[in-house]
Amino acid sequence: MRHPEANASDAPPALQVDSLTRRYGALTVLHDVGMAVAAGTVTAVLGPSGSGKSTLLRLVAGLEPRDAGRVRVAGRDVTALPAHRRGVGLVFQDHALFPHLDVRANVAFGLVEAGWSQSQIVARVDALLDDLGLAALGERRVDALSGGERQRVALARALAPRPHVLLLDEPLASLDRALRERLADDLAERLRQADLASVLVTHDLDEAGTVADDLVLLDGGVVKQRGSVAAIVDAPADAWVARFLGHPNVFEGAERTRLPRPGSGPLWLRDELITLVAADAVAGPSGPDAEITRLRHQRGGMRLDLWVAAWGVRVVWRGAVRDLPVQAGPGDRVRLAVPERAWRDLPAALRPTAHAPEVAA
Numbered sequence: 115m116r117h118p119e120a121n122a123s124d125a126p127p128a129l130q131v132d133s134l135t136r137r138y139g140a141l142t143v144l145h146d147v148g149m150a151v152a153a154g155t156v157t158a159v160l161g162p163s164g165s166g167k168s169t170l171l172r173l174v175a176g177l178e179p180r181d182a183g184r185v186r187v188a189g190r191d192v193t194a195l196p197a198h199r200r201g202v203g204l205v206f207q208d209h210a211l212f213p214h215l216d217v218r219a220n221v222a223f224g225l226v227e228a229g230w231s232q233s234q235i236v237a238r239v240d241a242l243l244d245d246l247g248l249a250a251l252g253e254r255r256v257d258a259l260s261g262g263e264r265q266r267v268a269l270a271r272a273l274a275p276r277p278h279v280l281l282l283d284e285p286l287a288s289l290d291r292a293l294r295e296r297l298a299d300d301l302a303e304r305l306r307q308a309d310l311a312s313v314l315v316t317h318d319l320d321e322a323g324t325v326a327d328d329l330v331l332l333d334g335g336v337v338k339q340r341g342s343v344a345a346i347v348d349a350p351a352d353a354w355v356a357r358f359l360g361h362p363n364v365f366e367g368a369e370r371t372r373l374p375r376p377g378s379g380p381l382w383l384r385d386e387l388i389t390l391v392a393a394d395a396v397a398g399p400s401g402p403d404a405e406i407t408r409l410r411h412q413r414g415g416m417r418l419d420l421w422v423a424a425w426g427v428r429v430v431w432r433g434a435v436r437d438l439p440v441q442a443g444p445g446d447r448v449r450l451a452v453p454e455r456a457w458r459d460l461p462a463a464l465r466p467t468a469h470a471p472e473v474a475a
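With the numbering used here, letter number 279 in the sequence shown gets 393, and the count goes up by one each step, no holes.
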């Protein structure tokens, strides 16, 4: 994906969200959330269940009212407009296609409702079916399609009215992992070609990293951190963000007392920077010995749970099989080589605030 040139235009972002808030009685499910998404880029909204991800999308789409805040699309304030007049397309998690209609009728549905002429509808639908590799399926009912084909039909229907903004609510969540990974690559390419502002809600960091340029992390209805995918993964704002992103070695409180880095706050040890050395190696870097307590094969490599007695903590190492110094298994011992740059102090988990830290790309 790409970022538009900074000096290419003084035009406003294709999507500008300012201080959106949503309450259900005494419960605030979204508080003072803001973001800007430029045309030609994708922002992924990530967070645990109940964080407000889907609520944010529904407010931007106009599917439910907000209690405070504004939504602007292509510089136009659409906050008071109904969903069909906002210039926003939406792809639902279950795709929400009409099973009794064929592919062509599903894609054309919004255009018919909007009053397009028959010739305009035919031309637009033909172009989308061709672009998305669906031309041969136009007369097929959607209940006869594969999961990947249904996903492309839903995307075509959302793109048909030429929206300025496309919202995608976990569009790949119902698919198996192999298909999700393949379609994530395809989705990234489709969104790039569409050249509009896209917002993808997902719980999958790998999917977000494949499709998106930027991340917005939500927790408890507030933004915890925003920035480029690489910057957030490399510099989480606090211990909560680090753990949510899947970094396993975050030590706090009493866990930190015997670690080689003095301090009192959370300490992050980057597992990808740890090198394993044979415990009986004479040459090589020095470091503490560790006992392998568990070994798991994972996609792309292995995960070792290590007990480091000198530090009094469990450490996780992840890497390729070729990086193991010995034919290792539970009960075997290795030595850890940990460079200084592998340690990073983090703030404690920040209390939710309206002003989330932003990190540069």
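Since the hints were made in silico from the structure, they are not lab data. Glycine included, each C-beta is placed from N, C-alpha and C at the ideal position. Do not take every clue at face value.
What the hints assert, rightly or not - Simulated DEER-style distance windows between Cβ atoms:
| hint | residue 1 | residue 2 | range |
| --- | --- | --- | --- |
| 1 | D446 | S260 | 41 to 49 Å |
| 2 | E178 | E405 | 49 to 57 Å |
| 3 | A287 | L195 | 27 to 35 Å |
| 4 | E295 | Q234 | 31 to 39 Å |
| 5 | P126 | L359 | 47 to 55 Å |
| 6 | A434 | L177 | 21 to 29 Å |
| 7 | P162 | A250 | 35 to 43 Å |
| 8 | G229 | D290 | 33 to 41 Å |
| 9 | P399 | D191 | 54 to 62 Å |
| 10 | A393 | D290 | 53 to 61 Å |
| 11 | D191 | G229 | 18 to 26 Å |
| 12 | R296 | A397 | 25 to 33 Å |
| 13 | P461 | S233 | 23 to 31 Å |
| 14 | D446 | D290 | 28 to 36 Å |
Going through the hints against the structure:
no.	hint	result
1	D446 to S260: 41 to 49 Å	holds (45 Å)
2	E178 to E405: 49 to 57 Å	holds (53 Å)
3	A287 to L195: 27 to 35 Å	holds (29 Å)
4	E295 to Q234: 31 to 39 Å	holds (36 Å)
5	P126 to L359: 47 to 55 Å	violated (31 Å)
6	A434 to L177: 21 to 29 Å	violated (45 Å)
7	P162 to A250: 35 to 43 Å	holds (41 Å)
8	G229 to D290: 33 to 41 Å	holds (40 Å)
9	P399 to D191: 54 to 62 Å	holds (59 Å)
10	A393 to D290: 53 to 61 Å	violated (40 Å)
11	D191 to G229: 18 to 26 Å	holds (24 Å)
12	R296 to A397: 25 to 33 Å	violated (45 Å)
13	P461 to S233: 23 to 31 Å	violated (59 Å)
14	D446 to D290: 28 to 36 Å	holds (35 Å)
The structure fails hints 5, 6, 10, 12 and 13 (numbered hints given earlier, in ascending order).
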